[in-house]
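Peer 1: Construct all of the structure, not just a fragment, from the sequences and the given hints.
Each chain, written out:
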Amino acid sequence: MYYLGLLIEYLKNYMKTRLTYRADFWVEVVSDLLFQATNFIFILVIFMHTDSLGGWNQNEVVFVYGFFMVPFGVFSCFVNMWGFSERYIVKGEMDRILTRPAHNLFQIFLENVDPPSLVGSFIGLIVMAISGSNLGLPFEWWTIPMLIILTLSAVAIYTGIYTTLTSLSFYSDAPTGILPLMYNIQTYGRYPVTIYNRAIQVLLTWIIPFAFVGIYPAALFLHRDEMKGMALLTPVVGAVFLGIGLMAWSYGVKRYKGAGS
Amino acid sequence: MSEQLNGAVASSGGSSGGSGENGRRLLLGAYFDFIRIRFLTMLAYRINYYSGILIYTLNIGVNYFTWKAIYGNGESLGGFTGAQMTTYVAVSWMARAFYFNNLDREISTDIRDGSIAIQFIRPYNYVLVKMMQGLGEGLFRFMMLMIPGMVIAILLFPVQLPTEPSAWIGFLVMLFFSFLISSQINIITGLSAFFVENNEGMMRMKRVIVDLFSGLIVPITLFPGWLSSILKVLPFQAITYLPGSVFTGRVQGVGIWNVLGIQVIWFLVLLVPIVWLYHAARQRLFVQGG
Amino acid sequence: MNAIQVQDLRKTFKVQKNREGLKGAFADLFKRQYSEVTAVKDISFSIPEGEICGYIGENGAGKSTTIKMLTGILVPTAGSLSVGGFVPYAEREKFVQNIGVVFGQRSQLWWDIGVIESFQLLRKVYRVSEQDFKKRLDELVERLELQELLNRPVRKLSLGQRMRCELVAALLHNPSILFLDEPTIGLDIVVKSEIREFLKDMNREHGTTILLTTHDLQDIEALCSRVIMLDDGRIIYDGGLEDLKQRWGTGREVQFQFGTATKLQQLTQWTEGMPVTWTAENELGAKVWIPLELNVSDVLGRVVGQADITDIKIIETNTDDIVRSIYQSGSAEKPEEKIAALLDEKEVIHV
Numbered sequence: 000m001y002y003l004g005l006l007i008e009y010l011k012n013y014m015k016t017r018l019t020y021r022a023d024f025w026v027e028v029v030s031d032l033l034f035q036a037t038n039f040i041f042i043l044v045i046f047m048h049t050d051s052l053g054g055w056n057q058n059e060v061v062f063v064y065g066f067f068m069v070p071f072g073v074f075s076c077f078v079n080m081w082g083f084s085e086r087y088i089v090k091g092e093m094d095r096i097l098t099r100p101a102h103n104l105f106q107i108f109l110e111n112v113d114p115p116s117l118v119g120s121f122i123g124l125i126v127m128a129i130s131g132s133n134l135g136l137p138f139e140w141w142t143i144p145m146l147i148i149l150t151l152s153a154v155a156i157y158t159g160i161y162t163t164l165t166s167l168s169f170y171s172d173a174p175t176g177i178l179p180l181m182y183n184i185q186t187y188g189r190y191p192v193t194i195y196n197r198a199i200q201v202l203l204t205w206i207i208p209f210a211f212v213g214i215y216p217a218a219l220f221l222h223r224d225e226m227k228g229m230a231l232l233t234p235v236v237g238a239v240f241l242g243i244g245l246m247a248w249s250y251g252v253k254r255y256k257g258a259g260s
Numbered sequence: 000m001s002e003q004l005n006g007a008v009a010s011s012g013g014s015s016g017g018s019g020e021n022g023r024r025l026l027l028g029a030y031f032d033f034i035r036i037r038f039l040t041m042l043a044y045r046i047n048y049y050s051g052i053l054i055y056t057l058n059i060g061v062n063y064f065t066w067k068a069i070y071g072n073g074e075s076l077g078g079f080t081g082a083q084m085t086t087y088v089a090v091s092w093m094a095r096a097f098y099f100n101n102l103d104r105e106i107s108t109d110i111r112d113g114s115i116a117i118q119f120i121r122p123y124n125y126v127l128v129k130m131m132q133g134l135g136e137g138l139f140r141f142m143m144l145m146i147p148g149m150v151i152a153i154l155l156f157p158v159q160l161p162t163e164p165s166a167w168i169g170f171l172v173m174l175f176f177s178f179l180i181s182s183q184i185n186i187i188t189g190l191s192a193f194f195v196e197n198n199e200g201m202m203r204m205k206r207v208i209v210d211l212f213s214g215l216i217v218p219i220t221l222f223p224g225w226l227s228s229i230l231k232v233l234p235f236q237a238i239t240y241l242p243g244s245v246f247t248g249r250v251q252g253v254g255i256w257n258v259l260g261i262q263v264i265w266f267l268v269l270l271v272p273i274v275w276l277y278h279a280a281r282q283r284l285f286v287q288g289g
Numbered sequence: 000m001n002a003i004q005v006q007d008l009r010k011t012f013k014v015q016k017n018r019e020g021l022k023g024a025f026a027d028l029f030k031r032q033y034s035e036v037t038a039v040k041d042i043s044f045s046i047p048e049g050e051i052c053g054y055i056g057e058n059g060a061g062k063s064t065t066i067k068m069l070t071g072i073l074v075p076t077a078g079s080l081s082v083g084g085f086v087p088y089a090e091r092e093k094f095v096q097n098i099g100v101v102f103g104q105r106s107q108l109w110w111d112i113g114v115i116e117s118f119q120l121l122r123k124v125y126r127v128s129e130q131d132f133k134k135r136l137d138e139l140v141e142r143l144e145l146q147e148l149l150n151r152p153v154r155k156l157s158l159g160q161r162m163r164c165e166l167v168a169a170l171l172h173n174p175s176i177l178f179l180d181e182p183t184i185g186l187d188i189v190v191k192s193e194i195r196e197f198l199k200d201m202n203r204e205h206g207t208t209i210l211l212t213t214h215d216l217q218d219i220e221a222l223c224s225r226v227i228m229l230d231d232g233r234i235i236y237d238g239g240l241e242d243l244k245q246r247w248g249t250g251r252e253v254q255f256q257f258g259t260a261t262k263l264q265q266l267t268q269w270t271e272g273m274p275v276t277w278t279a280e281n282e283l284g285a286k287v288w289i290p291l292e293l294n295v296s297d298v299l300g301r302v303v304g305q306a307d308i309t310d311i312k313i314i315e316t317n318t319d320d321i322v323r324s325i326y327q328s329g330s331a332e333k334p335e336e337k338i339a340a341l342l343d344e345k346e347v348i349h350v
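Chains as they are written, first to last, in numbering that gives the first Met the number 0: chain A, 0 to 260; chain D, 0 to 289; chain U, 0 to 350.
Be aware that a few hints might be false.
Heads up, simulated BS3-like pairs for lysine-lysine below, C-alpha to C-alpha not over 25 Å straight-line [claimed, not checked]:
| hint | chain 1 | residue 1 | chain 2 | residue 2 |
| --- | --- | --- | --- | --- |
| 1 | U | K312 | U | K262 |
| 2 | U | K123 | A | K11 |
| 3 | U | K40 | A | K253 |
| 4 | U | K16 | A | K90 |
| 5 | U | K134 | U | K123 |
| 6 | U | K191 | U | K155 |
| 7 | U | K93 | U | K133 |
| 8 | A | K256 | U | K13 |
| 9 | U | K13 | A | K15 |
| 10 | A | K90 | U | K155 |
| 11 | U | K199 | U | K133 |
| 12 | U | K22 | A | K15 |
| 13 | U | K16 | A | K256 |
| 14 | A | K11 | U | K133 |
Among the chain U residues that face chain A by a calculated CB cut under 8 Å, a handful are [what the hints assert, rightly or not]:
| hint | residue |
| --- | --- |
| 15 | K67 |
| 16 | T70 |
| 17 | L73 |
| 18 | V74 |
| 19 | V86 |
| 20 | Y88 |
| 21 | R91 |
| 22 | E92 |
| 23 | Q96 |
| 24 | V100 |
| 25 | F102 |
| 26 | R105 |
| 27 | Q107 |
| 28 | E116 |
| 29 | L120 |
| 30 | R126 |
If you're looking for bench data, these hints aren't it; they were derived computationally from the structure.
All residues carry an ideal CB built from backbone N, CA and C; glycine is no exception.
Peer 2: Structure below.
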């Protein structure tokens, strides 16, 4: 309850800040949309030259992409760790965080909420609806509940992975270069992983499980039974990776408190 | 890091005060120092280094398999054979390791926290210093990331290295221009922070656009006709697509001079907005107080 | 009861060593070398409730490290500490509810929004009830004259205005202990004295315990009844400010300007039998140095009647000089410990 109250308060403050820079808000929304559009172009270009990508047709791949956008938008809105090392470690704001009576990681999430990212989630839903109806996908009773569960699980996976990586900032090296590279890699989770070789499949499934934020859960809605088991495993993977992330984080904070900046 | 840089700056500041030939030589030395210091700084970040090698290899792998799936049984796409595509993907990602830098982010941070004012009154050219730092970073990645990464890529994937010496020489020269053009675009994006309140969106957009329109993700010829003809008159293809074409042997002989010419032209053209932005920025900084 | 109790507190950092040159940097890529640095070396002190204590020392003496341990940001390597009845690092979230922290060079306020919005948010963070908050805020706002500023975004405030707001932010939840790290740094004299007055009032009315680090010795003179001085991780002085001056204050200096040329020899003769030292500045000016045990008026009495004096200036030793003189003599109490300290810093190589 306390944390929910804080979340609302921080969101209010975000809006107040943003209202003073109205133009920025829209620049960010538009740039997010363009970012999505360029990814879209890639899919369209691919299907200009082939009918199927590892046995998946254009509408299916677009649907997966639509699903991929939903948790990614939610994640980017509430868990935004870009620049953590710069702002909190180098400039020393972590000290301030640690002198406040709320969980430190949660405070950092709150201070960086980014609601424009949610626009991406809405577009993802629209993309899913359009490509889904092109494919004639049935709307089942479980569609909405599953969508919510799988989205939350995917957000947990993102949060786990990025929290783990960000907690590297507590060690002497500055891993600022890793996050952008990860952003490249996560996009691979929205193509059928079966087109990759064994090693990359294992990597994207079990080590940095980005397949669970795109292709696997989306396969459930596409009635692709070969991935059904994987889709249902998403919440488990989410829980495990979120756990790893939180552990890495608290370990990092412990180290920070042991060593200072 | 900034402390180290400041050290170098201080030494250059003292020396360039001396007029004439000697002063100029010392200033030149200071610029080389910027390259050297950034190189050493990069060496200090171990985690970045190791993860960089892994992630670039992974990028090549994923793109390789994606294209393999797209090719299916097809012989050739947009004039690329399967083997050429593999080589193209590998060399494009490795080239990116060299030319990629975060100058845009560094510049806009300097602008937003106000430290640019100090940079501007120092006796050197700020843009040139940034360029040198980018070069130091690029050289580090070239030697420590691109070369070992390329060896790994050759071992893992069926990459065909060019046999013509002209392709090698042409590629390396063009790679340097890729760096120049990519850094110029970064500098333009970074300096724009002077004129918009928040250029975060622009920086993100630039990143995506450069990756997509330079031909890194999709070679230019595979885009729909109208789009690829637009891209041919934009500077982005000069970053990845043109050097990649030379390396894969799709462009040979006199053609190498032509594509190199395109790069040189873009390099010169892009100097115009940089000079203009730089002067406008100075104006803004000193007349309006930032 | 003691607000702060510290026993044998020690903090050791592992510092990465960068080897020199290109070769060294390559070597660092594969194998790192570390050395251990002890920033705080087994210090003990206690601060009773309601005391204002100055914590001083040169940069790198270990002040910030101590403050960070006291506020729960850092975990000590050894020793025990208790602040407001809590062990800071062990129950951080509960503990920080009782303390206020101001880092002079870092803001706790949101840059782009009105000051009042930041306060509202901190109210939620510290779970202060609406009533308490309002009462407290009114009181602080009135005391620090912030009425006009409340709706202005922080980025539009001057440094002095911002610092006053920072103090409010740190005090909204009515902490019993306040930590101030360089609270007056960069401020002008008027604001400095306003802030000092405010802190004194806070201490008097609410019994707030205050521990402050500063380089500005006037802060210490205006505020602190007690001073802890740190050098190289050790406490070299802990006691009253007057006492400090007594022990290390070297004396006072009086400057004379004469109407007619006065010889040094003449001056020395007038003060015959007194342990004073004269120095001539020029024909019409001279300085005399008077040790503490001697009254200034006695010396003046000898000179005033006989010389043609146009101006007299008495220069009191300030705490700056005290600190400097202590530093010059090395560790104040046990100089031999300092050598032992150097031997402590053994080099450790980790793979």
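Peer 1: List in ascending order the numbers of the hints, as given earlier, that are violated by the structure.
Peer 2: The structure breaks hints 9, 12 and 19; every other hint is satisfied.
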